[in-house]
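Residue numbers (this note's numbering), protein chains in the order written: chain A, 1 to 337; chain B, 1 to 478.
No lab work stands behind these hints, which were simulated from the structure alone. Take the hints with a grain of salt, since some may be wrong.
[What the hints assert, rightly or not] Computed cross-link-like contacts, DSS-like style, restricted to lysine-lysine with a CA-CA straight-line distance of at most 30 Å: (1) B:Lys351 - B:Lys372; (2) B:Lys49 - B:Lys372; (3) A:Lys116 - B:Lys451; (4) A:Lys112 - B:Lys351; (5) B:Lys351 - A:Lys118; (6) B:Lys372 - B:Lys451; (7) A:Lys112 - B:Lys451; (8) A:Lys118 - A:Lys330; (9) A:Lys118 - B:Lys49; (10) A:Lys330 - A:Lys112; (11) B:Lys49 - B:Lys451; (12) B:Lys351 - B:Lys49; (13) A:Lys116 - A:Lys330.
[As the list claims (entries may be wrong)] Away from chain A, derived, C-beta distances all over 12 Å, residues of chain B: (14) Thr155; (15) Val165; (16) Glu276; (17) Ala344.
Note that the Cβ used here is the ideal one computed from N, Cα and C, for glycine as well.
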Amino acid sequence: MFPDFANPAEWLPWAFASLMGFSILVYVVLDGFDLGVGILFPFAGDVEKDRMIGSIGPFWDANETWLVLAVGLLLVAFPTAHGMILTALYLPVFLMLIGLILRGVAFEFRAKAHAKHKALWNNLFFVGSTMTALSQGFMLGLYIMGLEQTWATYAFAGLTAVFLTVGYSFIGATWLIHKTEGMLQIRAVRWARESLWGVILGIGAVSLATPLVSVRIFDRWLQFPEALWLAPIPIISGLLVAWLWRMVRQMPFAGDVRSWQPFAVATGLFSLAYVGLAYSFYPYVVPERLTIYEAAAAPESLLIILVGACFVVPVIAGYSVLAYVIFRGKATELRYD
Amino acid sequence: MEALDALILSRIQFAANISFHILFPTITIALGWVLLFFRVRFAQTGDEKWMNIYRFWVKVFALSFAMGVVSGITMSFQFGTNWPGFMETVGNIAGPLLAYEVLTAFFLEAAFVGIMLFGFSRVPAWLHMLATFLVAFGTTVSAFWIIVLNSWMHTPQGFEMVDGVAFATDWWAIIFNPSMPYRFAHMLLASGLTVAFLIAGVSAFRWLIGDRSRDARTALKVGVTIGACLIPVQIYMGDMHGLNTLEHQPQKIAAMEGIWETGPNQPLLLFAIPDEAARENRFEVAIPNLASIILTHHAGGVVQGLNDFVAEDGTVMHPPVLPVFWSFRTMIGTGVAMLLLSWATVFMMWKRRRMHVDPAAGHWLAVEGLPKPFFWALVPMAFSGWVATLAGWYTTEIGRQPWLVQGVMTTEMAVADVPAPMVAGTLIGYLVVYGLLLFAYISVIVYLARKAARGDDGRAIDMSHSGKAQVAMLQPAE
């Protein structure tokens, strides 16, 4: 699992794969919640919509930047894989980009455009968020299927598209539970209750499909004694699911205590599922075709980036946290003052 | 259709994307600094008009920023979807530059833009000013890295080729490549001018529809003054940039000037239609010797012609002449219009200041003194910066063809093996979305201007809060 740390040509690709994996995970959780809010948009009333936007307004931009970093790292650290993956996913990438464009601008336009156009931008916000989530899920499915393009893999990708979208709406709902109060919070709890199935089915489907697609992954998970070491991942995941299940049936708690817990637990669950997935595919960056060691850029170039990243990433983390602290508490209407 | 293969479609798609994208950083880079100026003036004077101007333009900033971010993300994916050869060949150099952009600038802007836009009454005044500064600084640093990479593609150095892949040998040489300082300065000034004329144009529009508020007047003065100050600097910088290009990319200069044959005493063409098939210009209107004088500083100076860049076997290694020739003239023409209009406007406002405002109060320009045709002229010039920037961009980028990285790889070498109909489909998709967004963007700016002119630009804000955190207000109600 771990590379030879004396050899830069080995540990640098590993370090970059870890860094890239980390930024994808952060992206999934952070943009996951604001995409989720967008997916839930049509189910809320007009005043509630403003609140929902208010809960993600100061954050979405920085959240999306993690995607840019992840793709950037793929681009710079594994240029061959970048070309291979993105040309194979040409159309879903295009749809995701259009979705991201619509969503990102709808955000700004709905607050500034003429009142009679607000409904249009609200719709585009929902359409953009959903398009983005669906195409990301579709890409995830195709990636798990080793980027093979057949009707069977499309069908699987279609399923993961739906599950990820529902999964995002779940994490969005848990975010709203924390950031809102009153009726909207009660609605958010209901949304969370109604979308938890997407998370469970999604993680289940991916966990079942991954070992079936590749003998290598199958062996890796089910061989003794490694299987013992890995057992905590499914077990803890199961416990977290049970916890979430219980919580969203009892919420909101009196005095709004522990409103942050569903989001935190969901984050833990997503992270575990993600670690499992990463473990399955390591050391491949293009499943079963190209390893991170084969795809890596020149060690000198990677070192230059890594030195910078070591200084900069903690600073980024610091001021991202600052933004969350400044805008802590329940969401208000988004005001430009 | 033979003519529209994946290469040309991918090129059109990339050009469409980058043309759309560049419009917005061009605004946000300088607007960030101008907003900082407004914010600091408010902190210094406590005069509400500065905050009103800030609040109006911060909305335009937010819109432009969002448009820039989303179209920028599109660009970063297009490297992979349409131009995988680019990163495979020069990824060792382009990669770290792009990574540094994301790490040093992108996150900085994205994290602090939230505080800048929504934090006025949540954070202390100094933190709000710091956030505004960091966003402005971030956009500028972002531009720096992108221009470094772009300049390197025009004037590459500090690398060696091993088995068809570029490896960096000297990062200092890569970053401070020969055209970078000129290109960066030219771009920053272009951004400043774009914002200056946008502010002046929108404020003139507000004036024309009856807005006589102090904020519209002050914004107009600030816009026109910035424009008048920057345009001569830009003309000088453009000339220096041109001389740099002559040294490193003579074929681009030859295309810009429409010079076919190498020789002395080259004329400056005011009008011509370059005909690449016949390899000559038609309908020439020329000033004798002037191109030689501008480029070499004496009439007998020899300037290389395009015919020097055709290989023995007939392969053309110079850019398509007609678009470069006319983009260049569009840029220059717009620049001249900016010079004339901004100077004339400042002169008129200065001349008539005594009739309209009290100079003792520190006013040295009077918007009231400006004849109406000036307002009419300023309104369409609101987007003159866009026209000049795009024209300049086409001049330099089309002027690099057929090279993607000058002397290292051609554009053809980088294109993806994606079926042409798929590229055509996504191209149409992008064009439709971009067209509609551009329409929406301009409509919303017009709408915001009308709303502000009516005086119902939101509710009055409590200025006393500019320094105090109001987090207590955000706690849940009982």
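| said: Going through the numbered hints above, which ones does this structure break? Give me the numbers in ascending order. | reply: 4, 5 and 15
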